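Using the sequences and the hints, build the whole thing.
So the sequence lines, in the order shown, correspond to chains A and B. For the first sequence, the UniProt record's numbering gives the first residue as 1, with consecutive numbering after it. For the second sequence, the UniProt record's numbering gives the first residue as 1, with consecutive numbering after it.
A hint or two may mislead.
In silico contact screen, one side only, chain B against chain A (beta carbon under 8 Å); selected entries [unchecked claim]:
| # | residue |
| --- | --- |
| 1 | Tyr-140 |
| 2 | Arg-141 |
| 3 | Gly-142 |
| 4 | Glu-143 |
The hints are simulated quantities; they were obtained by calculation from the structure and are not laboratory data. These numbers were taken from a predicted model, which means no experiment stands behind them. The beta carbon of each residue, even a glycine, is placed where N, CA and C say it ideally should be.
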Amino acid sequence: MGILIKNGVVYDPAQGIYGEKMDISIDGDKIVEDVSSPERVIDAEGRLVVPGGVELHSHIAGGKVNAGRIMRPEDGRKGRAPRGRLTRACSGFSILNTFSTGYTYARMGYTTTFEAAMPPLLARHTHEEFEDMPITDKGALVLLDNNWMTMEYVKAGDLDRLAAYVSWMFGATKAYGIKIVNPGGVEAWGWGKNCSINDPVPHFDVTPKEIIRALAKVNEELKLPHSIHIHCNDLGHPGNFETTLETYDAVKDITASSDRQVMHATHTQFHAYGGSSWKDFESKADAIADYVNKNDHITIDLGAVMFCDTTTMTADGPMEYSLHTLSRRKWSNHDVELETGSGIIPVAYSPKVPVNAIQWAVGIELALLIEDPWKVVLTTDHPNGCPFTFYPEIIALLMSKPKREEMLKGVSDAVGRRALIATIDRELTWGEIITMTRSAPAKILGLSESKGTLRVGADADVAIYDIMPESFDPAKGYREIEEKLMRTFYTIKGGEVVVKDGEIVATPPGRTYWVNPVGEKAHAMREEMLKDLEAKFDAYYTVSMANYPVQDEYLSHPLEIRAG
Amino acid sequence: MAKITLTMRSSITVPLEAEVITPDGLAGKSEEEIKSLTVYHGNREMKLGDFFDVSVEGSGDPASTEIIMKGDLTRVKRIGEGMTAGSIVIEGSCDMHCGALMRGGKITVKGDADAWAGREMRGGELVIEGNAGNYLGAGYRGEMTGMRGGKITVEGDAGDYIGEHMAGGEILVKGNVGILPGLSMTGGRIIIEGSATMPGGEMTKGEIIVKGEVYDMLPGFRFEGEEEIEGKRFRKYTGDLAVRGVGKGVLLLG
Numbered sequence: 001m002g003i004l005i006k007n008g009v010v011y012d013p014a015q016g017i018y019g020e021k022m023d024i025s026i027d028g029d030k031i032v033e034d035v036s037s038p039e040r041v042i043d044a045e046g047r048l049v050v051p052g053g054v055e056l057h058s059h060i061a062g063g064k065v066n067a068g069r070i071m072r073p074e075d076g077r078k079g080r081a082p083r084g085r086l087t088r089a090c091s092g093f094s095i096l097n098t099f100s101t102g103y104t105y106a107r108m109g110y111t112t113t114f115e116a117a118m119p120p121l122l123a124r125h126t127h128e129e130f131e132d133m134p135i136t137d138k139g140a141l142v143l144l145d146n147n148w149m150t151m152e153y154v155k156a157g158d159l160d161r162l163a164a165y166v167s168w169m170f171g172a173t174k175a176y177g178i179k180i181v182n183p184g185g186v187e188a189w190g191w192g193k194n195c196s197i198n199d200p201v202p203h204f205d206v207t208p209k210e211i212i213r214a215l216a217k218v219n220e221e222l223k224l225p226h227s228i229h230i231h232c233n234d235l236g237h238p239g240n241f242e243t244t245l246e247t248y249d250a251v252k253d254i255t256a257s258s259d260r261q262v263m264h265a266t267h268t269q270f271h272a273y274g275g276s277s278w279k280d281f282e283s284k285a286d287a288i289a290d291y292v293n294k295n296d297h298i299t300i301d302l303g304a305v306m307f308c309d310t311t312t313m314t315a316d317g318p319m320e321y322s323l324h325t326l327s328r329r330k331w332s333n334h335d336v337e338l339e340t341g342s343g344i345i346p347v348a349y350s351p352k353v354p355v356n357a358i359q360w361a362v363g364i365e366l367a368l369l370i371e372d373p374w375k376v377v378l379t380t381d382h383p384n385g386c387p388f389t390f391y392p393e394i395i396a397l398l399m400s401k402p403k404r405e406e407m408l409k410g411v412s413d414a415v416g417r418r419a420l421i422a423t424i425d426r427e428l429t430w431g432e433i434i435t436m437t438r439s440a441p442a443k444i445l446g447l448s449e450s451k452g453t454l455r456v457g458a459d460a461d462v463a464i465y466d467i468m469p470e471s472f473d474p475a476k477g478y479r480e481i482e483e484k485l486m487r488t489f490y491t492i493k494g495g496e497v498v499v500k501d502g503e504i505v506a507t508p509p510g511r512t513y514w515v516n517p518v519g520e521k522a523h524a525m526r527e528e529m530l531k532d533l534e535a536k537f538d539a540y541y542t543v544s545m546a547n548y549p550v551q552d553e554y555l556s557h558p559l560e561i562r563a564g
Numbered sequence: 001m002a003k004i005t006l007t008m009r010s011s012i013t014v015p016l017e018a019e020v021i022t023p024d025g026l027a028g029k030s031e032e033e034i035k036s037l038t039v040y041h042g043n044r045e046m047k048l049g050d051f052f053d054v055s056v057e058g059s060g061d062p063a064s065t066e067i068i069m070k071g072d073l074t075r076v077k078r079i080g081e082g083m084t085a086g087s088i089v090i091e092g093s094c095d096m097h098c099g100a101l102m103r104g105g106k107i108t109v110k111g112d113a114d115a116w117a118g119r120e121m122r123g124g125e126l127v128i129e130g131n132a133g134n135y136l137g138a139g140y141r142g143e144m145t146g147m148r149g150g151k152i153t154v155e156g157d158a159g160d161y162i163g164e165h166m167a168g169g170e171i172l173v174k175g176n177v178g179i180l181p182g183l184s185m186t187g188g189r190i191i192i193e194g195s196a197t198m199p200g201g202e203m204t205k206g207e208i209i210v211k212g213e214v215y216d217m218l219p220g221f222r223f224e225g226e227e228e229i230e231g232k233r234f235r236k237y238t239g240d241l242a243v244r245g246v247g248k249g250v251l252l253l254g
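Dropping the structure here:
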């Protein structure tokens, strides 16, 4: 029984292994010490052998993703593939259908994928799409910041009831972590306004900073595996880097309940801008990187932009409206009752448009200027910066200065004046790239025991790429990186070979992680909290409370983590 | 010179996706090679020879290749899709998307062409001797750009939303058209010799000439006076001011 991967050049930063020639043994769905009589022997012949990729921030399932598909039939025309012997029909470039999402991630060597923004009221839809998405293990971060219950408890300073509410919501929506999106700003958008970090939210008289601090404290009291995961206020605004740094600093004094950050700040590229208008818009990646380099309570992901016609979708409704006023392209806006909102608009990032070119530079600069790869995760905020299918090209940019020089020739010269990319010589190593795409996201999510590593006892999720790291020069071979990272030589998920030579060979269903807070704080004030919640359902919700929680049947392959 | 004749053996009800039928795709191929080309019949992968008798006379490059299509083609879609040169003569009526994405050459439809004929075409000539369906020369669902170049002539009537998102080229309809011709047009020219309803909605540029009756004229157009074209007087309007007040589109009504 089992699989033996022989002669691989292994990178497993979690174990301090950087390019050692060694064997990896798999028995059942786990990595084991050795396997006596393997059913299958894969001779990697010096190829790159790494843990399966871990995507910690991507918009792949749920109400707004599907609204994007409906809104953009022209995007569905791209990326089409007919049904195959094992595979369902595929479509989509920036908003892939559920099948294509699973197959494409698996072909690229990713085996764990987290949906970054689940509105509680649309949790059922999110889980239905997860069930329809083959291969990868999944989880969803639930939006709890613009929520009326949350804001009222924050205003009252009642963190015990807030903890009870958060833990009840985790069970009701089968969530993995707390997501914060433009705290207060999305609620303010209901009144045609927006909020920066110290502006009081209309009618609630709390500030975004108070919401962030309260949720961070509750997150640690409940001992959740992941930290709060935040999309800061003022996304996309020139000069927003100051808000971003103030947000980071707001939770500096809070102690993490486990060996990880206190705050994960997402798609930081969109939050690292200087200037006072679109005319003097500039990169402040250096200021953000400097803060992250000096502080250990914060981790970030990139949200890198690449030049293409993509679709932006976020719970940040006011931001999407401001994009619509700029481009006048078709725009969708949604209000999720007492909880959150969302917006969708197509965006074409053009290398000739100075602002877009600087955005592109900022994403790459952040990865190059942050010294510790454990603090920075490769994402594109799929599909907001660009689809996740650009990861291989982004990795090529990070590993190869010649690739950056080639690309710089085709972008607006504003990049030379108002960004830093051309002045940076650093080229990332395989060890750093594997950290940023596997080990770091697994640790940040609190999954470092099972994901992002090939340690004995971890899930048998392995990617083998047709690259020989011992004889390959990434700086010169950037085209090969782009090609080879798109389709693995092998992808193994949970001990099963799912991709061979870039083709899908098995489509097992993935599991869905969810966190069940069971500690004292989760239950102490539950009865009192439920009375408040019942009143909200009676007065405002369009659904009854009994119909609200996602039934267990919606998760055919659940993986419960008990926290606390 | 090459003359390739494709004769449909019998009528079908499930549509045939026949985008392989272009001079570019068939030029230089033998009868057997043409018969073995893949087509989808609904969701089934089939061969062109399963539906058509094929005869090839002479040989040549795409530009000197003429394809003659015979039989009941009313359920054959996407004929001439993306063609760059040569010619196709359809001796009867055809299904949707005829001449879609066409870049050059000429297609003549002796009968009617269903919806989306000349969709997103960039060049070449499409002549429909019968009637055309909806979305003639338009952009497909969700696209921001329809026809960009080339010329479409319809001897009969055309349906609704012709030239939607049209950005260039010319459409001439000798009969009547339905609702909203030139919707969201950004360039090019549409000439309608018969009647039209609500022409030019949300147009920001380009020109629509309607020689017959206009029904339900939209309110976002400004009257600019009369203009004489080839001895006939036209009322000239600009619009549609409903779109950010741009109003560089021109409507000439006879």
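Comparing the hints with the structure gives:
no., hint, result
1, Tyr-140, "holds (7 Å)"
2, Arg-141, "holds (4 Å)"
3, Gly-142, "holds (4 Å)"
4, Glu-143, "holds (5 Å)"
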